[in-house]
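Protein chains: 2
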Amino acid sequence: MSFDITRNYAEEIRLLVEQKNDPEIKSLLQDLHPADIAEILAALELETAMYIYLLLDPEMASDVLVEIPEEERNKLLNALAPDVIARQYIEYMDSDDAADILGSLDEEVKLSVLNEIEDMEVAGDIVDLLEYDEDTAGGIMAKELVTVNENWTVATCLKEISRQAEDVDDIYYVYVVDDSNKLKGILSFKKLLLNNTNTRISNLYNPDVISVGTDTPQEEVARMMEKYDLVAIPVLDEIGRLKGRITFDDVIDVMREEAERDYQMVSGIVGDVVPGDKVWTLTRARFPWLLIGLTGGILGARVIGANEEALRVVPAMAFFIPLIAAMAGNVGVQSSSIVVQSIASGVRDFESTGRKLLKEFAVALIIGLAFAGLIFGYNFFFSDSIHLTWAVSISLLIVILFASVFGTVIPLVLNRLKIDPALATGPFITTMNDILGLTIYLLISKFFFDIL
Amino acid sequence: MSFDITRNYAEEIRLLVEQKNDPEIKSLLQDLHPADIAEILAALELETAMYIYLLLDPEMASDVLVEIPEEERNKLLNALAPDVIARQYIEYMDSDDAADILGSLDEEVKLSVLNEIEDMEVAGDIVDLLEYDEDTAGGIMAKELVTVNENWTVATCLKEISRQAEDVDDIYYVYVVDDSNKLKGILSFKKLLLNNTNTRISNLYNPDVISVGTDTPQEEVARMMEKYDLVAIPVLDEIGRLKGRITFDDVIDVMREEAERDYQMVSGIVGDVVPGDKVWTLTRARFPWLLIGLTGGILGARVIGANEEALRVVPAMAFFIPLIAAMAGNVGVQSSSIVVQSIASGVRDFESTGRKLLKEFAVALIIGLAFAGLIFGYNFFFSDSIHLTWAVSISLLIVILFASVFGTVIPLVLNRLKIDPALATGPFITTMNDILGLTIYLLISKFFFDIL
Chain A
1110 MSFDITRNYA
1120 EEIRLLVEQK
1130 NDPEIKSLLQ
1140 DLHPADIAEI
1150 LAALELETAM
1160 YIYLLLDPEM
1170 ASDVLVEIPE
1180 EERNKLLNAL
1190 APDVIARQYI
1200 EYMDSDDAAD
1210 ILGSLDEEVK
1220 LSVLNEIEDM
1230 EVAGDIVDLL
1240 EYDEDTAGGI
1250 MAKELVTVNE
1260 NWTVATCLKE
1270 ISRQAEDVDD
1280 IYYVYVVDDS
1290 NKLKGILSFK
1300 KLLLNNTNTR
1310 ISNLYNPDVI
1320 SVGTDTPQEE
1330 VARMMEKYDL
1340 VAIPVLDEIG
1350 RLKGRITFDD
1360 VIDVMREEAE
1370 RDYQMVSGIV
1380 GDVVPGDKVW
1390 TLTRARFPWL
1400 LIGLTGGILG
1410 ARVIGANEEA
1420 LRVVPAMAFF
1430 IPLIAAMAGN
1440 VGVQSSSIVV
1450 QSIASGVRDF
1460 ESTGRKLLKE
1470 FAVALIIGLA
1480 FAGLIFGYNF
1490 FFSDSIHLTW
1500 AVSISLLIVI
1510 LFASVFGTVI
1520 PLVLNRLKID
1530 PALATGPFIT
1540 TMNDILGLTI
1550 YLLISKFFFD
1560 IL
Chain B
1110 MSFDITRNYA
1120 EEIRLLVEQK
1130 NDPEIKSLLQ
1140 DLHPADIAEI
1150 LAALELETAM
1160 YIYLLLDPEM
1170 ASDVLVEIPE
1180 EERNKLLNAL
1190 APDVIARQYI
1200 EYMDSDDAAD
1210 ILGSLDEEVK
1220 LSVLNEIEDM
1230 EVAGDIVDLL
1240 EYDEDTAGGI
1250 MAKELVTVNE
1260 NWTVATCLKE
1270 ISRQAEDVDD
1280 IYYVYVVDDS
1290 NKLKGILSFK
1300 KLLLNNTNTR
1310 ISNLYNPDVI
1320 SVGTDTPQEE
1330 VARMMEKYDL
1340 VAIPVLDEIG
1350 RLKGRITFDD
1360 VIDVMREEAE
1370 RDYQMVSGIV
1380 GDVVPGDKVW
1390 TLTRARFPWL
1400 LIGLTGGILG
1410 ARVIGANEEA
1420 LRVVPAMAFF
1430 IPLIAAMAGN
1440 VGVQSSSIVV
1450 QSIASGVRDF
1460 ESTGRKLLKE
1470 FAVALIIGLA
1480 FAGLIFGYNF
1490 FFSDSIHLTW
1500 AVSISLLIVI
1510 LFASVFGTVI
1520 PLVLNRLKID
1530 PALATGPFIT
1540 TMNDILGLTI
1550 YLLISKFFFD
1560 IL
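Residue numbers (my numbering), protein chains in the order written: chain A, 1110 to 1561; chain B, 1110 to 1561.
Relax, there's no trap hidden among the hints.
Covered stretches of chain B, going by a simulated chain A footprint (3 or more residues, C-beta under 8 angstroms): (1) 1261-1273; (2) 1382-1391; (3) 1396-1405; (4) 1429-1443; (5) 1455-1467; (6) 1540-1550.
If you only want the chain B side, here are some residues facing chain A, beta carbon under 10 angstroms, derived: (7) 1279; (8) 1337; (9) 1450.
Just so you know, the hints here were simulated from the structure itself, not pulled from any lab data.
Ideal placement from N, C-alpha and C gives every residue a C-beta, glycine not left out.
Whenever a hint applies, use it, and build me the whole structure from the sequences.
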């Protein structure tokens, strides 16, 4: 049922495809989970992947399709006829997966596939879902859910649920609505099972239900479901009518994406890349932040260049340039990432921004004094210039104070401006603090060496 | 039912506590979710938090307790009598939450609470769970689950489920076992509802069930549940007997922790800190990596110091020190974080390590040539030394090549050695590459200026 990690399926299957040994391929795939087959297909060349894909029965094929990463999936779909996509794969999927897949296709292909869908209800659901912004609750919700009317009895409910359940893979909760489809509350299976069959639903359901609107940002949905441990959350329109539901697996994807984006930002990568990607994709993902680094380096060169004469007199001033730059960069990244991570976790702390800054300043002061002290000690014993000893320590203290205040303020400001605060982390803050650190250091050094 | 984010509950409640206005406090808390109450309590001083906590009814109090962060929770528990903790809170919890909470207490307190638990079955479950390593499936599973025997009929099942369901909050799946409690398969509610009441379970259940062992690492459990979209996963002992189950909410916590740990590592922070933490906690979390940075800076100072005479002759050599160091650091962090993230995502790519390295080298060569070219262009126009122009460009190329190969190899090696590969990211790789970059740059510069 699931992957044996020590086996190289990709290699094995490549061989079987060469031999056109269909029965063997089918029996191999039969024991695998759709997610595993998707991983194998994504690792194969398009032609081999396609050969295998066409051997799958429609239900399995549609489950696999959902799991293949977008890039490889679209290559596969572009090689298939619209009517095959529509009738063999899309019609077997949950509406949210179908909308995701169609939404990622070119407009033209999307329309021709939509027009080939025979079940008008399925097509309608997909078109409805495609209306929503893909980063909102509406964009990730599915239309498949089980609803019961508040006026029914438990017996009617159970009968109705059996009927609706055929279309819904996992039920989790039963949603209770009124005659105009407004959400009134939720009902667990447990409640249904533990109560008499002629009890009315209106006496059973729980009206305290946490819901989101169709336009709630997906990150907010994820945070709510995580915080309240919800396996599914209902999505309502502006007047409280039940439009769909979002399940935990969609939200895990959102969380994973968000965490990866923040991680990429702090490590200076643009977009979601893995070592398996093409050389060109990998290069492109790394270029932008390195360009910022280069620009920073050139500015740094100019700052030092402006002090060429001072350096000729006291070359020792150059010794601690990397130390100052590195400490400024590290402190800045630490400060900004603490802020970014706390924003991302969504935990409210009731602490004012002013108090946060004051605290950050206190932390920076302790760290600054400690490291200024350490480097003073080192230079006191190992350097023969007392001027340099003082200059390095005092610069380090000031640089650490500046770097941490900037590191804290910038993401807070970005967040206030509704810009992703993670932009402030990584190479950006490092580069800015590098230059600032250099300027402060050279100025203070010249002061101590009396060559200002 | 859930938090109104624009209200400052902490302030409001502090006031009500001062006035000892219990009815008002109770009515305010009544409308809130346990997770929200926990957030408010965590933000209050211990005394105020305790006052409010004691106003909650036992069921709500135990739900809230589970949600309070460990540090604040233990403060609260240390102020309560063991018999109150045991009988008013622990006995109302799921076994996994109870074990978590007890496991985080001091040995002495833990034992006295355990001995005050009156229900021996509850106490036994908790003691069993405490045996497992807290980072494994056994350490995060709960004992509460619904099992049915493969030989029963649907009717017997439904009756038995109603009985067992009282102890289990969310059922999700019904586990089918044989007479010796070995897991045979799973059954969905849907299957139970859609079938005739005298059908035997053995004809209905799905034997293709994905499970984990009690000693499976929690990160592996999380990756499996994420990949296969599982809302719950059964946990088996070595001989296949069903010992417990892990639900999606536990796994979301594991994922969140793992992502945060990697993020902290790459940004040079030790441990899970938020801006709301104490100044001392924040300082301690930032000290270790900064010490590495300082050591690196001192080594850098020595490398440059060894070239003091060269610098006196050509101070311009110092101009590009920050650029080389910054580029080396950024490239190294990029490379290592791509590897770390791909390991963390758990997606298998069937690509050999050799091929990955070759690709990384190709990427580094493109990036290196591009940036060497850019800086050559800059220096060609803006610098008056052709020696410096060549030295900077060639050093940059070599440094980028080294930095990316190291950045890729080190996390791969750590992972092979079963050490967390994320250790290689952040300040560690930056510092190492800084020094390496400096050494290469100064050597090449001296060669071009003919002062080697």
